[in-house]
Amino acid sequence: MNIKSLEYLIAFAKEESFTKAAERMHVSQPTLSTQIKKLEDLLGVCLIERTPGKQILTPAGREVVYYAKRIHADVSSIYQAARRLEDPWSSTIVLGVFPTLCPYLLPRIMPVLRKVKPNFNIRFVEEKSASLVEMLHSGQIDGAILSEQLNESSLKVKHIFDEDFLLAASTNSQFGHEKTPIDVSQLSSQKVLLLEDGHCMRRSMIDVCQKVGAKQSEFYATSLETLRYMVVGSKDVTLLPRLSILPPIVQPSGLTIREFKDPKPYRSLYLNWRAASPVDQIMDGLAKIISGACVNLHK
Numbered sequence: 001m002n003i004k005s006l007e008y009l010i011a012f013a014k015e016e017s018f019t020k021a022a023e024r025m026h027v028s029q030p031t032l033s034t035q036i037k038k039l040e041d042l043l044g045v046c047l048i049e050r051t052p053g054k055q056i057l058t059p060a061g062r063e064v065v066y067y068a069k070r071i072h073a074d075v076s077s078i079y080q081a082a083r084r085l086e087d088p089w090s091s092t093i094v095l096g097v098f099p100t101l102c103p104y105l106l107p108r109i110m111p112v113l114r115k116v117k118p119n120f121n122i123r124f125v126e127e128k129s130a131s132l133v134e135m136l137h138s139g140q141i142d143g144a145i146l147s148e149q150l151n152e153s154s155l156k157v158k159h160i161f162d163e164d165f166l167l168a169a170s171t172n173s174q175f176g177h178e179k180t181p182i183d184v185s186q187l188s189s190q191k192v193l194l195l196e197d198g199h200c201m202r203r204s205m206i207d208v209c210q211k212v213g214a215k216q217s218e219f220y221a222t223s224l225e226t227l228r229y230m231v232v233g234s235k236d237v238t239l240l241p242r243l244s245i246l247p248p249i250v251q252p253s254g255l256t257i258r259e260f261k262d263p264k265p266y267r268s269l270y271l272n273w274r275a276a277s278p279v280d281q282i283m284d285g286l287a288k289i290i291s292g293a294c295v296n297l298h299k
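With full-length UniProt numbering, letter number 174 in the sequence shown gets 174, and the count goes up by one each step, no holes.
Watch out, some of these pointers could steer you wrong.
Unchecked claim - In silico DSBU-like links for lysine-lysine, alpha-carbon gap of 35 Å or less:
#1 Lys215 x Lys128
#2 Lys128 x Lys261
#3 Lys288 x Lys156
#4 Lys14 x Lys117
#5 Lys158 x Lys299
#6 Lys115 x Lys128
#7 Lys264 x Lys158
#8 Lys235 x Lys215
#9 Lys128 x Lys117
#10 Lys299 x Lys211
#11 Lys128 x Lys158
#12 Lys54 x Lys69
#13 Lys299 x Lys261
#14 Lys288 x Lys299
#15 Lys191 x Lys128
#16 Lys191 x Lys299
#17 Lys264 x Lys115
#18 Lys128 x Lys179
#19 Lys69 x Lys117
#20 Lys211 x Lys235
#21 Lys38 x Lys54
#22 Lys128 x Lys235
#23 Lys235 x Lys264
#24 Lys37 x Lys69
#25 Lys179 x Lys235
Everything labelled a hint here was simulated from the structure, so no lab data went into it. Owing to the predicted nature of the structure, the values given are computational and were not obtained by experimental measurement.
Take the sequences, apply the hints, and build the full model.
Here's what the structure looks like:
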């Protein structure tokens with residue numbers, strides 16, 4: 001069976017047109033049609049229903065496409081494995097990052113990765129931590145950056161950096177008129193706006209509240225961006241991780257950011273990956289690159 005014929009069939013399934021599928025595959029339309037017809041003859045079944053002006057997959061065609069995609073993915077993995085033998089960084093990995101970190105971390109690490117590892121491809125999956133843990137175990141992602149160490153024998157964990165929390169308050173609040181650092185104990189008289197359940201950062205925020213006796217607001221935010229705007233014009237305050245207040249992130253008008261005095265509240269970030277993974281060496285190196293790009297976030 002010709003692998004190229006399967007690729008042509010997959011292209012047809014995406015485009016639902018011989019002409020557009022041929023353009024996608026950079027071949028002539030007769031070449032693509034002939035290869036698919038040879039596949040049909042080999043299998044002894046019609047894969048595409050051909051009528052004037054319209055061609056659609058038959059039920060058998062849809063089933064063959066399903067398996068063809070799996071074969072194509074395996075073939076891609078074989079090529080990647082071969083490239084890794086020559087250059088371990090000539091690979092594509094999938095990295096999971098939770099939502100209160102992902103959009104702020106990427107602008108910081110991607111320029112570094114492009115410079116030091118130009119052949120390295122990385123795809124990001126943004127999900128809440130619980131989902132990332134499940135995806136890591138099931139093999140849907142190669143690694144996950146989490147605010148916890150997964151202490152399991154099947155996994156490897158590396159601390160990558162610590163990140164301070166800063167106070168965010170409305171410019172109209174009692175904290176909005178100065179720029180000097182404040183003591184975290186000053187939160188004891190405040191209501192703190194939190195993220196909704198499911199965000200790992202919510203646990204860190206609650207820990208700070210419990211430590212100093214701060215009250216939790218009855219309102220919750222679905223994201224850090226929502227949290228910022230909820231604080232503007234409110235008497236309540238919140239905590240923001242340092243990466244989320246650094247350029248190119250722009251703060252909304254009416255929001256004041258204040259540093260905390262030492263000892264500052266912070267969160268720790270860890271890279272978790274499967275110990276038996278074929279990209280084990282890459283994950284170890286990636287942890288070092290991320291650590292180097294995120295120094296001085298906990299001052």
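In rising order, the numbers of the hints this structure does not comply with: none
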